[in-house]
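If you read the sequence shown in this note's numbering, its first letter stands for residue 1, the second for the next number, and so on.
Calculated from the structure, these hints are not laboratory results. Glycine included, every Cβ here is placed at the ideal spot set by N, Cα and C. It is possible that part of the hints are untrue.
[Stated by the list, open to error] Heads up, simulated SDA-like pairs for lysine to any residue below, C-alpha to C-alpha not over 25 Å straight-line:
1. Lys48 to Gln30
2. Lys48 to Ala8
3. Lys48 to Gln17
4. Lys48 to Leu61
5. Lys48 to Gly18
6. Lys48 to Gln69
7. Lys48 to Asp34
8. Lys48 to Thr68
9. Lys48 to Ile35
10. Lys48 to Thr67
11. Lys48 to His60
12. Lys48 to Ala7
13. Lys48 to His15
14. Lys48 to Leu23
15. Lys48 to Asp16
16. Lys48 to Val2
17. Lys48 to Met58
18. Lys48 to Ile33
[Said to hold, decoys possible] Between beta-carbon pairs, the in silico distance windows are:
19. Val2 to Leu65: 29 to 35 Å
20. Ala11 to Gln69: 15 to 21 Å
21. Val2 to Arg62: 28 to 34 Å
22. His60 to Ile25: 32 to 38 Å
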Amino acid sequence: AVELTVAALDAVQNHDQGDMHELWIEGEDQVLIDILTPYRIVMLAGTKGNIARWRHSMDHLRPQLATTQEM
């Protein structure tokens with residue numbers, strides 16, 4: 001997932017497509033990668049049917065996740 005995220009970021013930056021905020025990988029297993037800040041990236045992985053819940057939770061918790069100190 002890290003390699004795919006790096007490749008997606010490179011593609012967006014090299015083609016002047018703006019900023020990438022999240023990346024979804026859907027299949028048998030699902031991954032949501034959310035770029036909260038340039039220094040804070042969240043990766044959630046699981047089974048089918050959860051990605052919409054994850055995205056809703058990320059949107060709801062975004063201000064707290066982006067500003068909470070690292071534990």
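Pair hint Lys48 and Gln17, alpha-carbon separation not exceeding 25 Å: At roughly 29 Å apart (the allowed maximum being 25 Å), Gln17 and Lys48 break the hint.
Range hint 15 to 21 Å (beta carbons of Ala11 and Gln69) holds or violated: 32 Å, violated
Satisfaction of hint between Ala8 and Lys48, Cα-Cα up to 25 Å: 22 Å, holds
Given pair status - Gln30, Lys48, alpha carbons within 25 Å: 6 Å, holds
Hinted pair Lys48 and Gly18, Cα distance within 25 Å: 29 Å, violated
Pairwise hint evaluation, Leu23 against Lys48, where the allowed Cα distance is 25 Å at most: This hinted pair holds, its Cα atoms lying about 16 Å apart.
Agreement of Lys48 and Met58 with the hint, judged by alpha carbon distance not exceeding 25 Å: 17 Å, holds
Pair hint outcome, Lys48 versus Leu61 [Cα-Cα no greater than 25 Å]: 22 Å, holds
Holds or violated: Lys48 to His60, with C-alpha atoms at most 25 Å apart: Since the Cα atoms of Lys48 and His60 sit roughly 21 Å apart, the hinted pair holds (cutoff 25 Å).
Lys48 paired with Asp16 [C-alpha distance capped at 25 Å]: 32 Å, violated
Hint consistency between Lys48 and Ile35 [alpha-carbon to alpha-carbon, up to 25 Å]: 21 Å, holds
Cβ separation of Val2 and Arg62, checked against the hinted range 28 to 34 Å: Once the Cβ atoms are compared, 21 Å apart, the range 28 to 34 Å for Arg62 and Val2 is violated.
Taken one by one, the earlier hints fail for this structure at numbers 3, 5, 6, 8, 10, 13, 15, 19, 20, 21, 22, listed in ascending order.
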